[in-house]
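Using the sequences provided together with the hints, build the complete structure.
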Amino acid sequence: MFAFTAISAFILLESRDVVNGFLTQPYATALLLVLWGYDPVPVLLIASATQLIYLNRQPSGASLFPEYPFGFFIVTSAAGSGQYSLLSYSVILILIMTVSSLTSHYLKIKRSFFEKHRERLKFYKRFPNIISAVSFSYLSYFLFSLAIWAVIYTIFKSLNTLNISYLGSLDGRVLPVILCILLSSRYIYFNLSRRNE
Amino acid sequence: MNKLSRRTILSLTLRTYFIRIFYNYNNLFGEGLCYCVFPFFKSCGVPKRDDILAKHLVTFNTNEYLSGFAVGIILKNSESNDADLEKTKNILSSVLGSIGDRLIYRLIFPVLTLTTVNKFVISGFKPDLCTWIIIIILMILFNLFNFYIRYAGISKGYEKGLDALKFFRSSGYKRTVFLLTAARNILTVILLVELIIYLKASNILLFFFDRGLKL
Numbered sequence: 002m003f004a005f006t007a008i009s010a011f012i013l014l015e016s017r018d019v020v021n022g023f024l025t026q027p028y029a030t031a032l033l034l035v036l037w038g039y040d041p042v043p044v045l046l047i048a049s050a051t052q053l054i055y056l057n058r059q060p061s062g063a064s065l066f067p068e069y070p071f072g073f074f075i076v077t078s079a080a081g082s083g084q085y086s087l088l089s090y091s092v093i094l095i096l097i098m099t100v101s102s103l104t105s106h107y108l109k110i111k112r113s114f115f116e117k118h119r120e121r122l123k124f125y126k127r128f129p130n131i132i133s134a135v136s137f138s139y140l141s142y143f144l145f146s147l148a149i150w151a152v153i154y155t156i157f158k159s160l161n162t163l164n165i166s167y168l169g170s171l172d173g174r175v176l177p178v179i180l181c182i183l184l185s186s187r188y189i190y191f192n193l194s195r196r197n198e
Numbered sequence: 315m316n317k318l319s320r321r322t323i324l325s326l327t328l329r330t331y332f333i334r335i336f337y338n339y340n341n342l343f344g345e346g347l348c349y350c351v352f353p354f355f356k357s358c359g360v361p362k363r364d365d366i367l368a369k370h371l372v373t374f375n376t377n378e379y380l381s382g383f384a385v386g387i388i389l390k391n392s393e394s395n396d397a398d399l400e401k402t403k404n405i406l407s408s409v410l411g412s413i414g415d416r417l418i419y420r421l422i423f424p425v426l427t428l429t430t431v432n433k434f435v436i437s438g439f440k441p442d443l444c445t446w447i448i449i450i451i452l453m454i455l456f457n458l459f460n461f462y463i464r465y466a467g468i469s470k471g472y473e474k475g476l477d478a479l480k481f482f483r484s485s486g487y488k489r490t491v492f493l494l495t496a497a498r499n500i501l502t503v504i505l506l507v508e509l510i511i512y513l514k515a516s517n518i519l520l521f522f523f524d525r526g527l528k529l
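Protein chains in written order, with our numbering: chain V, 2 to 198; chain G, 315 to 529.
A few of these clues could be false.
[As the list claims (entries may be wrong)] In the DSS-like style, the derived pairs of lysine-lysine whose C-alpha atoms are separated by at most 30 Å in a straight line are:
| id | chain 1 | residue 1 | chain 2 | residue 2 |
| --- | --- | --- | --- | --- |
| 1 | V | K158 | G | K440 |
| 2 | G | K390 | G | K470 |
| 3 | V | K109 | G | K401 |
| 4 | V | K126 | G | K369 |
Honestly, the hints are just simulated from the structure, not real lab data. Treat the numbers as computed from the prediction; the structure is a model and nothing was measured.
This is the structure:
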């Protein structure tokens, strides 16, 4: 649990605050989960769907941007290994979008709080200091990840009891594949129509 | 002095990787800019942090990937009066933001993402050695580009000032944008076709309806 939350906090730090080298995108962290022993098919399916959902979004200015690299990793890691049902895939994708959006709001609160107390949290001797900024940011992300992981893990534990139902017995792969098809179609349509503007 | 030493450029470049951690809603990248430019003033023998803060801790916006250009150009104009420096920062805020968003988030990032997702589909969502190699190579290539554009931005920005931005109107740049746009669109169409083939080949729909009918 602590390993996943520590990595999730690092993912949030890298994707939002430092380096920004696309090292923690879902296509990369999905392979990390596969190395960890997770079933590759559902993990890569969810990663592909997540990437395509947010492909058209771009972080811009002070607007809230869904933190989907973080959302993908923390939800998929908490979901556990194994084949997923239609219900599981649905819940995972909805949770990823919810957590991503929630994290963007958390970031806004965190930035405002850090700015209010910048002398203690971001500065050293009244000048921006990288060690203070990175340490306190990472700590806040770690605590946030811990809380989110606990909630999501509880949700998936209770979901396992529902998997004996009808929805729980259907092959869930159909959902992310069809979602990817629809999202790709929408993306190409959007790009071609923007070209004509 | 029209050129910075390599050591200073390298120090400034590494600092631009952390420019975003200081982002806030008061001055946006103002604090990050102060952090980034510090090595320049240290090398000039002016380690007065209060002076740097007084001059640069104002509202400033940029794209993190093109922050090298911003830093280089601002350092070039650092000796000018406050009004001219303010004007330069305003130009940089609008120009670099839009160029960076278009180049990175609408072109380079989608091409990277679509390439990897295509490879996932081709491999049937079971990563083979080829998938690993492709992803690692793409990440290395992007981060080499990430480093280069920051380093070159600082170097050229300091040499030429605002004229360094003319690069984004050059025919070479326009050709690159065209190629990336074409690659993005082609990869999306290929992905669509591959997904449909995967859906048919893996009999997911058949299995899905079969279970549904049995009930």
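Hints versus structure:
no. : hint            : in the structure
1   : K158/V - K440/G : holds (26 Å)
2   : K390/G - K470/G : holds (10 Å)
3   : K109/V - K401/G : holds (29 Å)
4   : K126/V - K369/G : holds (18 Å)
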